[in-house]
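Colleague: Required output: the full structure, derived from the provided sequences and hints.
Which chain is which? The protein sequence lines are D and Z, in order. Numbering of the first sequence is given in this note's numbering, commencing with residue 16 and proceeding in unit increments. Numbering of the second sequence is given in this note's numbering, commencing with residue 471 and proceeding in unit increments.
These are calculated hints, taken from the structure and not from any lab test. Every value quoted in this text rests on a predicted model; they were computed, and no experiment measured them. Where is the CB? At the ideal position from N, CA and C, for every residue including glycine. Any given hint could be a false lead.
Stated by the list, open to error - One side of the interface only, derived from the structure: several residues of chain Z facing chain D at Cβ under 10 Å:
1. N545
2. A558
3. F576
4. T578
5. C581
6. P583
7. A592
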Amino acid sequence: MNYLPMSAIESRGSRTARAAPPKINPKINRVSTESKLALTESLLMSVEVSECARLCMEWLGKHIGVDKALCLIADSSQNRLIPLAHWGMSPVEIQEPSPELDDQRHPLVAAMAKKHPVTFYGNFTNPHNHAGRTGESRFEAISLRGAGEDDNVAGVGVLLVSPIISRTNADLRWLADILGRVMWLRFRTHSLAEVERVLRRERGLLYNIVNTVHDPIILTDTEGRLIISNKAAELLFGSREEESEGRRRAVALNNTFLSAALSRRALEEPASLSRELLLVDPVEGSDLFFELSSTEFSDVHEGTGVVAILRNVSDLHRTTQELEENYRKLRTAEAEVRSERDRLDLIISSVAEPILVTDPEGKILMMNDPAERLFTVPPSSTPEAAQTVRANDANFSSFVSNLFFLSEGRQHHGGISLVDPEKGTPVPVEAFSAKIISQQGELIGIATILHDQSEAIEKARLYEQLQRVSEALEEKVREATAELVRQNEVLRRQHMELQRASALKSQFLASVSHELRTPLNSIIGYTRILLQGVSGSLNPQQLGNLARLDANAGHLLSLINQLLDITRIEAGKMPVNLVRISISKLIAEVMSEVEPLILQAKLEVTTEVTSDLPEVVSDPEKIKQIMLNLLMNALKYTPAGWVRVSAAYVPRPDQIAITVADSGIGIAESDQEKIFEDFGRADNSVAKGYAGVGLGLAICRRLSALLGGKMTVTSKPRQGSSFTLALPRSGRGQ
Amino acid sequence: MKEPKTKLILVVDDVADNRDMYAQFLSYKGFQVALAGDGQEGFDKALQLLPDLIVMDLSLPVMDGWEAIRQLKRNQSTKPIPVIALTAHAQEDVAGGAREAGCDGFLTKPCPPDELVKKIIAMLELKQEEVQPRAARQLGVQ
Numbered sequence: 016m017n018y019l020p021m022s023a024i025e026s027r028g029s030r031t032a033r034a035a036p037p038k039i040n041p042k043i044n045r046v047s048t049e050s051k052l053a054l055t056e057s058l059l060m061s062v063e064v065s066e067c068a069r070l071c072m073e074w075l076g077k078h079i080g081v082d083k084a085l086c087l088i089a090d091s092s093q094n095r096l097i098p099l100a101h102w103g104m105s106p107v108e109i110q111e112p113s114p115e116l117d118d119q120r121h122p123l124v125a126a127m128a129k130k131h132p133v134t135f136y137g138n139f140t141n142p143h144n145h146a147g148r149t150g151e152s153r154f155e156a157i158s159l160r161g162a163g164e165d166d167n168v169a170g171v172g173v174l175l176v177s178p179i180i181s182r183t184n185a186d187l188r189w190l191a192d193i194l195g196r197v198m199w200l201r202f203r204t205h206s207l208a209e210v211e212r213v214l215r216r217e218r219g220l221l222y223n224i225v226n227t228v229h230d231p232i233i234l235t236d237t238e239g240r241l242i243i244s245n246k247a248a249e250l251l252f253g254s255r256e257e258e259s260e261g262r263r264r265a266v267a268l269n270n271t272f273l274s275a276a277l278s279r280r281a282l283e284e285p286a287s288l289s290r291e292l293l294l295v296d297p298v299e300g301s302d303l304f305f306e307l308s309s310t311e312f313s314d315v316h317e318g319t320g321v322v323a324i325l326r327n328v329s330d331l332h333r334t335t336q337e338l339e340e341n342y343r344k345l346r347t348a349e350a351e352v353r354s355e356r357d358r359l360d361l362i363i364s365s366v367a368e369p370i371l372v373t374d375p376e377g378k379i380l381m382m383n384d385p386a387e388r389l390f391t392v393p394p395s396s397t398p399e400a401a402q403t404v405r406a407n408d409a410n411f412s413s414f415v416s417n418l419f420f421l422s423e424g425r426q427h428h429g430g431i432s433l434v435d436p437e438k439g440t441p442v443p444v445e446a447f448s449a450k451i452i453s454q455q456g457e458l459i460g461i462a463t464i465l466h467d468q469s470e471a472i473e474k475a476r477l478y479e480q481l482q483r484v485s486e487a488l489e490e491k492v493r494e495a496t497a498e499l500v501r502q503n504e505v506l507r508r509q510h511m512e513l514q515r516a517s518a519l520k521s522q523f524l525a526s527v528s529h530e531l532r533t534p535l536n537s538i539i540g541y542t543r544i545l546l547q548g549v550s551g552s553l554n555p556q557q558l559g560n561l562a563r564l565d566a567n568a569g570h571l572l573s574l575i576n577q578l579l580d581i582t583r584i585e586a587g588k589m590p591v592n593l594v595r596i597s598i599s600k601l602i603a604e605v606m607s608e609v610e611p612l613i614l615q616a617k618l619e620v621t622t623e624v625t626s627d628l629p630e631v632v633s634d635p636e637k638i639k640q641i642m643l644n645l646l647m648n649a650l651k652y653t654p655a656g657w658v659r660v661s662a663a664y665v666p667r668p669d670q671i672a673i674t675v676a677d678s679g680i681g682i683a684e685s686d687q688e689k690i691f692e693d694f695g696r697a698d699n700s701v702a703k704g705y706a707g708v709g710l711g712l713a714i715c716r717r718l719s720a721l722l723g724g725k726m727t728v729t730s731k732p733r734q735g736s737s738f739t740l741a742l743p744r745s746g747r748g749q
Numbered sequence: 471m472k473e474p475k476t477k478l479i480l481v482v483d484d485v486a487d488n489r490d491m492y493a494q495f496l497s498y499k500g501f502q503v504a505l506a507g508d509g510q511e512g513f514d515k516a517l518q519l520l521p522d523l524i525v526m527d528l529s530l531p532v533m534d535g536w537e538a539i540r541q542l543k544r545n546q547s548t549k550p551i552p553v554i555a556l557t558a559h560a561q562e563d564v565a566g567g568a569r570e571a572g573c574d575g576f577l578t579k580p581c582p583p584d585e586l587v588k589k590i591i592a593m594l595e596l597k598q599e600e601v602q603p604r605a606a607r608q609l610g611v612q
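Modeller: Encoded structure:
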């Protein structure tokens with residue numbers, strides 16, 4: 016409310032007072048009806064309350080003749096009782112009392128609530144209810160009321176008047192009444208306009224607010240008729256003639272969806288519900304997702320209706336879908352991780368070696384069955400087993416912690432002494448630990464594999480044992496070898512000695528042979544000289560003796576030659592000259608050589624040589640020597656009968672058999688081996704009387720062996736003997 | 471001067487009995503005989519006498535038979551003289567060694583004197599055939 020400032024009021028009042036100072040008695044009610052009508056008219060004409068108050072104060076001074084008058088109005092906007100207009104007051108007196116309306120103890124505020132005028136002492140600005148100093152001025156306060164003395168109508172102001180005349184002056188009472196009514200009317204008109212203005216403003220504000228909200232807001236009545244909608248809602252649900260067909264159709268569709276949603280909501284659901292609504296963007300044509308919040312409301316004047324707020328959740332929906340998709344992916348990934356982990360678990364549990372995964376604090380996160388056997392207390396555990404497990408744990412933890420303190424790198428390995436909790440046997444293990452580092456380079460765990468060393472240690476032990484045995488064996492072999500070397504040396508020396516002895520023997524025999532031949536040469540020589548009559552003629556007896564001397568010398572020579580042959584064969588110095596020869600020719604040669612002896616012997620001597628006799632490769636001189644020896648023996652030991660020389664081919668084993676058989680004195684079986692020995696002539700009575708050396712057959716057998724053949728004999732005493740030389744067809748020397 | 475048909479045989483042997491025995495028989499058979507008891511003496515006598523044939527024992531003192539034969543065969547005047555090695559050594563290698571030394575014949579003791587004479591005659595006949603042309607040539611020159 017606009018009021019004129021007090022100074023303006025006062026100056027006008029004082030000027031008026033100076034202009035016309037009428038002198039009338041205010042205690043007399045003598046105001047004319049015309050004056051009242053004039054005032055009433057003026058008041059009706061006035062719009063401003065302050066103007067009305069000024070007119071009334073002026074009228075009081077001029078027509079009633081009061082000394083002083085002041086009109087105060089209850090300004091609800093300031094919550095104060097403020098002065099509006101006055102009459103007859105000095106500028107000093109005009110001090111705004113402006114008490115607060117709530118201050119019920121203030122005399123003026125209290126007076127405003129009274130129906131009847133209240134008398135005060137003092138001046139307007141400092142009133143009190145009891146008489147103070149003598150001659151102190153008095154005034155009265157009259158409550159200004161819109162509805163007269165109606166108790167229900169509050170006072171709109173207070174009129175202070177001096178002197179006190181209200182009881183006697185009806186005009187004053189009339190004025191107070193009319194001023195109260197005017198002020199009350201003016202107040203009321205003014206506040207209605209104000210309320211309308213405020214309402215309009217607030218309504219505009221509300222519209223703006225509603226329109227600025229991006230969410231479509233719709234207010235419908237219970238029949239679904241649209242009451243209020245904001246711009247966002249109009250975009251979706253409002254259509255105009257000039258718009259395209261497509262857009263109109265989209266809007267129609269949206270309206271259908273909305274009413275369906277609202278009606279369904281109204282039918283089925285309790286108040287205030289959120290639901291999803293699919294609408295079409297009339298401009299873009301794309302799908303829009305809205306969350307529909309509808310609330311039923313009731314108004315005293317308007318009845319019930321529905322407020323629907325649509326919240327565009329297209330982004331939310333998309334985000335939700337993305338979230339769901341991500342969640343689904345997450346689930347898939349999780350499943351993959353789980354299956355990966357299962358596979359890893361399977362791998363780890365299928366490994367026979369204990370595997371443990373620990374966190375950086377050393378707590379075991381994961382382990383396979385073999386590790387559990389070492390690091391968990393078995394079900395039927397003894398206190399010892401539990402203690403063993405704790406000891407294992409401690410050893411293992413101290414090893415893993417070494418990875419931080421000792422090892423710079425990511426890996427660490429070393430031996431740990433563990434004990435099998437069930438068996439109580441020691442399990443020496445080689446542990447290989449590796450840090451598990453995340454992609455961010457942060458240590459997230461430690462994986463450890465324990466490699467059981469028992470077997471390796473056992474192998475090493477066995478290997479060592481084996482090596483010891485092997486070394487012992489080697490030592491024995493060395494000793495044996497040394498012994499062999501020693502023995503070999505002994506043998507070598509013995510062999511050398513034997514060789515030397517053999518050489519000495521050969522040398523000795525050669526020397527003996529030489530030394531024997533030399534005198535024998537003289538013996539034989541002189542004997543021949545005598546026999547040939549070089550020294551003169553001899554008688555028959557002398558000749559006979561010399562012949563015997565010659566024969567014995569010949570015998571001695573033959574003995575010496577045979578000794579030499581044996582010596583040569585024994586010394587390996589008998590040369591063998593292999594040539595291709597015909598045995599039949601050889602036999603013929605031998606037979607012609609011994610022919611004088613055969614003729615002399617007067618025996619039946621025959622030769623039998625088969626026609627298929629193949630050639631042989633051998634030493635013809637040695638064969639001749641053998642055959643001569645055999646033939647000489649046969650002729651010598653066969654007093655009468657026959658001698659047969661035969662030769663035949665024996666296919667198996669590819670040999671030539673040369674046999675000299677006779678019908679002579681024979682050899683006892685006991686002597687049949689003895690005759691081949693050196694000087695082994697059969698010492699039986701039958702052989703006595705025969706000259707012989709006893710080396711012939713020994714040489715024959717040696718020569719046979721030298722040619723790769725064999726000499727055998729079959730004989731029966733007094734029936735004859737049969738000596739056979741078996742010769743290989745392809746001869747070989749020795 | 472010796473008879474043209476009487477051949478001079480030098481017998482070298484360290485055993486006196488053998489020398490005597492062969493000398494008796496060779497003389498009986500009409501040969502002239504010269505004797506030596508060791509290799510050196512044999513070689514010296516051969517150079518001095520230039521015999522028709524030399525019978526050389528091998529095991530000899532002073533100079534052995536092998537060396538004597540080698541020296542005889544090295545000397546131009548004695549080289550053509552046939553040498554018969556006569557030894558009591560029966561080993562084959564002895565005969566080989568003697569042939570290597572340059573002997574023309576080889577006999578093993580005991581060797582009866584009649585067999586030695588057979589060998590000497592055989593060798594001298596062979597020699598006769600060989601030397602005949604040379605003798606004729608010498609006559610022709612004269």
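Colleague: Which constraints among the numbered hints does this structure fail? Numbers only, ascending.
Modeller: 1, 3 and 7
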